[in-house]
Amino acid sequence: MKKLIIKYPLIKYSLQVIIMFAFLSKAFALSSAPNEPIKLQPRQINLSGDILSFSMPENFSTDMPAKDMVESVNLSDERIFDKYSEFTLIQRWWDFKERGFFAKGYGTVMMTMYIKQAPENSDYDILNPLGFIGTIITKFNDISKNDGTEENSSEIPSNSYPKFYQAYKIKTINSLHWFRYSVESNVTGRLDINHAIPITPQHYIVVEFAFAPNSNVSTRQFIEEHGRPHMDAILDTLTIQFSPKSKLPSINSQPIDLDKLIKEKFHAGQEPVIVNEELLNSIKHIRIE
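4 is the number of the first residue of the sequence shown in the working numbering; add one for each residue after it.
Because the hints were derived from the structure by calculation, they are not lab data.
As a list, the in silico SDA-like pairs of lysine to any residue whose alpha-carbon atoms are at most 25 Å apart:
{"hint": "1", "residue 1": "Lys-248", "residue 2": "Ile-83"}
{"hint": "2", "residue 1": "Lys-86", "residue 2": "Lys-142"}
{"hint": "3", "residue 1": "Lys-100", "residue 2": "Thr-65"}
{"hint": "4", "residue 1": "Lys-42", "residue 2": "Ser-58"}
{"hint": "5", "residue 1": "Lys-248", "residue 2": "Ile-48"}
{"hint": "6", "residue 1": "Lys-174", "residue 2": "Ser-56"}
{"hint": "7", "residue 1": "Lys-142", "residue 2": "Ser-79"}
{"hint": "8", "residue 1": "Lys-42", "residue 2": "Pro-60"}
{"hint": "9", "residue 1": "Lys-174", "residue 2": "Phe-245"}
{"hint": "10", "residue 1": "Lys-100", "residue 2": "Asn-219"}
{"hint": "11", "residue 1": "Lys-248", "residue 2": "Gln-120"}
{"hint": "12", "residue 1": "Lys-174", "residue 2": "His-288"}
{"hint": "13", "residue 1": "Lys-172", "residue 2": "Asp-260"}
{"hint": "14", "residue 1": "Lys-86", "residue 2": "Gln-205"}
{"hint": "15", "residue 1": "Lys-174", "residue 2": "His-233"}
{"hint": "16", "residue 1": "Lys-70", "residue 2": "Ala-213"}
{"hint": "17", "residue 1": "Lys-174", "residue 2": "Glu-228"}
{"hint": "18", "residue 1": "Lys-174", "residue 2": "Thr-115"}
{"hint": "19", "residue 1": "Lys-250", "residue 2": "Gln-120"}
Fair warning: this is a prediction, and the values are worked out from it, not measured in the lab.
Given the sequences, and given the hints that come with them, work out the whole structure.
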């Protein structure tokens with residue numbers, strides 16, 4: 004072969020061209036190639052006897068080092084909660100970009116799972132669907148009135164801007180009703196989508212997805228092409244195995260009739276709760292999926 008290359012130098016240059024072409028093909032390969040199925044690995048977290056199960060991709064961002072997932076939590080230990088009355092169970096980032104050596108980035112998706120404490124001295128019983136929705140929306144509206152200028156919990160990013168759009172709906176995932184609430188900044192383009200469900204009379208779970216597109220990609224394009232399929236793949240695996248003593252399975256899985264609930268009186272303890280008009284208007288427009 005060596006003698007052949009010396010005798011015919013054109014073969015040598017042809018081989019070099021082929022090798023270089025193969026390298027460049029990999030370097031500039033685009034993501035237009037058929038997408039591979041999202042590979043998921045199962046996870047479980049023990050929440051004082053209630054088991055939160057989900058699956059997620061393993062290809063985490065190497066630029067965002069993350070702490071190990073919490074595998075077991077004692078909810079009666081109030082010391083675990085921070086000043087925002089929340090405790091982080093897991094937080095992971097995923098980067099989306101074209102394939103290849105000189106790949107163009109599309110953006111990042113961040114998933115965070117929390118346990119949150121219900122507000123003390125609240126007017127609402129979070130085990131009542133309307134009371135739980137009232138708790139979330141009231142907290143959201145309070146932060147909105149601050150125009151995002153005051154320090155707040157992770158439900159809205161601390162660097163949020165005065166102008167943002169909110170949306171609410173109830174989404175059924177594996178027979179359980181999760182309250183979905185989202186906020187989008189009109190300035191940064193960042194969108195946060197949260198799914199929440201009560202786990203005890205004093206605690207609720209929040210699964211938050213934050214979508215941060217790069218400047219060269221619109222928020223909608225990034226979410227529809229990359230973020231939403233990623234989020235939905237994880238949400239579709241989300242389940243809670245309640246302990247035998249828990250009353251939550253029947254509460255969280257029974258059909259929800261918001262109009263009926265709004266007409267009925269609901270209670271926090273024994274005191275009747277009066278729902279203000281602003282809250283009622285928000286609740287009336289909630290979609291149920």
